[in-house]
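Let the hints inform the model, and build the full structure from the sequences given.
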Amino acid sequence: MAEKQIAGKTIEVTDDGFMVKHEQWDREVAAAIAAEEGIELTDDHWKVLEFIDKDFKEKGAVPGIRRMNKVGGISTKELYTLFPDGPVKKAAKIAGYPKPASCV
Amino acid sequence: MSVFYEKSFWNLQNKMKDIVILGAGTAGTIMANRLRKSVDRRSWNIKIIDQNPVHYYQPGFLFMPFGIYSDRDVEKPKRRFIPRDVEYIESSVDRVNAEKSRVMLSNGVEVSYDILIIATGVRTVPDQVEGMMGTDWRNRIFDFYTVDGAAALQEKLKDWRGGRLVMHVSEMPIKCPVAPLEFVFLADSWLSERGLREKTELVYVTPLSGAFTKPIAAGVLGHLLEEKRIKVVNDFNIGNVDNERHRIVSWDDKVVDYDLLVTVPTNMGDAAIERSGLGDEFNFVPTDRHTLQSKQHENIFVIGDATDLPTSKAGSVAHFESEVLGENILSYIKNAPLREEFDGHANCFIESGHGKGFLLDFNYTLEPVPGSFPIPGIGPFGLLKETRINHFGKMAFKWIYWNMLLKGLPLPGITQRMSYAGKKIPVGLAVPESA
Ligand SMILES: Cc1cc2nc3c(=O)[nH]c(=O)nc-3n(C[C@H](O)[C@H](O)[C@H](O)COP(=O)(O)OP(=O)(O)OC[C@H]3O[C@@H](n4cnc5c(N)ncnc54)[C@H](O)[C@@H]3O)c2cc1C
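Protein chains in written order, with my numbering: chain B, 359 to 462; chain E, 2 to 436.
If you're looking for bench data, these hints aren't it; they were derived computationally from the structure.
Yeah, the Cβ is synthetic: ideal placement off N, Cα and C, and Gly gets one too.
A few of these clues could be false.
[Stated by the list, open to error] Result set (PhoX-like, lysine-lysine): computed pairs, CA atoms no more than 20 angstroms apart in a straight line: (1) E:Lys335 - E:Lys38; (2) E:Lys296 - B:Lys417; (3) E:Lys296 - B:Lys412.
[As the list claims (entries may be wrong)] Incomplete in silico selection of chain E near chain B, CB under 10 angstroms: (4) Val148; (5) Leu209; (6) Ala212; (7) Glu282; (8) Asp309; (9) Phe363.
[To be verified] Here are some of the chain B residues that sit facing chain E, going by a computed Cβ distance under 8 angstroms: (10) Thr372; (11) Trp404; (12) Lys417; (13) Ala419; (14) Lys428; (15) Val429; (16) Thr439; (17) Lys447; (18) Lys457; (19) Val462.
Okay, here's the thing in structure tokens:
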């Protein structure tokens, strides 16, 4: 666990840069994390991030690709275009949520 | 007089209410045993419905490909585990009409309920991936999440002389998420014993960001794959299978070649859940994570793999859930508030090959950490540690499963709520819900 300066704030992150406390997240923080990943956030990105946010609050987990397709109405192709290489992981990181994980 | 008697008899009959359990697998069987002991039999019938007369000890499927278990170890008649005064209905469920509190069986019969417990588990759905069921299926592509898959893979491995053996997970979540890792560890061990390890390339393909995704477990166990020379391909979301060239292709056009592909197909809840309009995108039933009541209907409860809870889908979890659900059914009957007791507790052994194993104990808020279990400081099991005793624990689980767990008996020393004692929790790691 480490602390990191993101968008002028001190943010707690894991070793691979995922936020630990969602309370510390806001839109500026999201934009800064996205920039580190080489992504400039557009409305299309925000559609995905907002779905993750809503869904995490409801289900306690970052939605997977199938859920993004079926419930979020976001296609897999779109996800890969918006967040290349591991879209769920990247989008979760920018949305300030933990990386999708198994039990170990 | 006779009219009076008939009437009161009719009234008595009419007063009987029904608890109906869908699915007589691990979770349904435990609930039938628990509730028949605790619920008043003068006013409550208990019925359990399942389509398949055979109870499978699914954790044993892992050992079948390597000839350690045969189908005899993993199959017993379901009825043997259902109490005599619980009505066992052998039929497939077509759908639930939750508005009318009725279950429609596939043979057209309707069964009404006052309380419904959904325990229909999950099943593998290989055709969710394009090309998975092509010409390579059961020739070069196998699974071990079904009994026939595990048996077919055992036959296939008998002829294995070397090549590229790929263990692949299609999509998360899957039941017993550590089983694919155990498979590669056991394969490594099995191949070494046969002098085939040098001739076999072992590859582990996962849609997640690594074989181990929880920071502490990754720190402790991360070296294992390298040590065992198992190559990991992560962030691989399968798009299709190219049967002609024997390769799997991801959505972003990465390819992994195989001579033998052992896949864990997409895991989904039963189609009856979908037909009933009770499921999410995986046909898992949205469930209150602490009370186990369905989120949609007051008189429907859910247990085991059928739920959408953010904990592992495992037999141990079904066991812990059954204590909470048993209590909550009694509360519901008495019109008392439900207890928000379930903490996501899971307890899983991981076979690591060469006669050793690991043990994990975790819940919704605390990831697996090192320590001793179940007696703090003593064990005999080591958490997140590779020991021989852990391996014996895993092998003893079969006996415990058939003789204790299914009967709803408590497991010695193991509490329903996860215990924080005996665990080495790094400072600032998790905020326990109630330490
Ligand atoms: C390879 C493998 C290894 C595993 N290893 C472990 C382990 O080491 N430790 C551990 O704790 N867990 C392990 N598990 C997981 C464990 O087996 C499951 O979590 C557990 O069996 C879930 O119980 P359940 O009652 O929810 O579902 P199940 O036991 O699968 O039961 C569901 C039942 O519902 C019935 N059903 C479904 N739909 C219908 C319908 N429409 N009509 C009628 N009947 C229906 C089915 O026939 C079945 O009998 C493993 C699983 C696998 C596959």
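Right, here's what the structure says about each hint:
Between Lys335 of chain E and Lys38 of chain E the CA atoms are separated by roughly 16 angstroms; this keeps the pair inside 20 angstroms, and the hint holds. For the suggested pair Lys296 of chain E and Lys417 of chain B, the alpha carbons sit about 11 angstroms apart, so the restraint of at most 20 angstroms is met. Among the hinted pairs, Lys296 of chain E with Lys412 of chain B is consistent with the structure: their alpha-carbon atoms are about 17 angstroms apart, no more than 20 angstroms. At about 24 angstroms, the closest approach between the beta carbon of Val148 of chain E and any beta carbon in chain B exceeds 10 angstroms, and the interface hint on this residue is violated.
Nearest Cβ of chain B to the Cβ of Leu209 of chain E: about 6 angstroms, under the 10 angstroms cut. The hint holds. Given the 10 angstroms rule on beta carbons, the hint for Ala212 of chain E holds: about 8 angstroms separates it from the nearest Cβ of chain B. Because the closest C-beta pair between Glu282 of chain E and chain B is about 4 angstroms apart, less than 10 angstroms, the hint holds. For Asp309 of chain E, the shortest C-beta to C-beta distance to chain B is roughly 7 angstroms, which falls under 10 angstroms, so the interface hint holds.
For Phe363 of chain E, the shortest C-beta to C-beta distance to chain B is roughly 7 angstroms, which falls under 10 angstroms, so the interface hint holds. Taken as an interface hint, Thr372 of chain B checks out: its beta carbon lies about 6 angstroms from the nearest beta carbon of chain E, inside 8 angstroms. This hint is violated: Trp404 of chain B has a C-beta 22 angstroms from the nearest C-beta of chain E, more than the 8 angstroms allowed. Restraint check, Lys417 of chain B versus chain E: the minimum CB separation of about 7 angstroms is within 8 angstroms; hint holds.
Using the Cβ-Cβ criterion of 8 angstroms, the hint placing Ala419 of chain B at the interface with chain E is satisfied: the shortest such distance is roughly 4 angstroms. Given the 8 angstroms rule on beta carbons, the hint for Lys428 of chain B holds: about 4 angstroms separates it from the nearest Cβ of chain E. Interface restraint check for Val429 of chain B: the shortest CB-CB distance to chain E comes to about 6 angstroms, inside 8 angstroms, so the restraint holds. This hint is violated: Thr439 of chain B has a C-beta 10 angstroms from the nearest C-beta of chain E, more than the 8 angstroms allowed.
Look at Lys447 of chain B: its Cβ gets to within about 5 angstroms of chain E, closer than 8 angstroms, so that hint holds up. Evaluation of the Lys457 of chain B hint against chain E yields a held restraint, the C-beta minimum of about 6 angstroms falling below 8 angstroms. Below 8 angstroms, beta-carbon pairs count as interface contacts, and Val462 of chain B has one with chain E at about 4 angstroms; its hint therefore holds.
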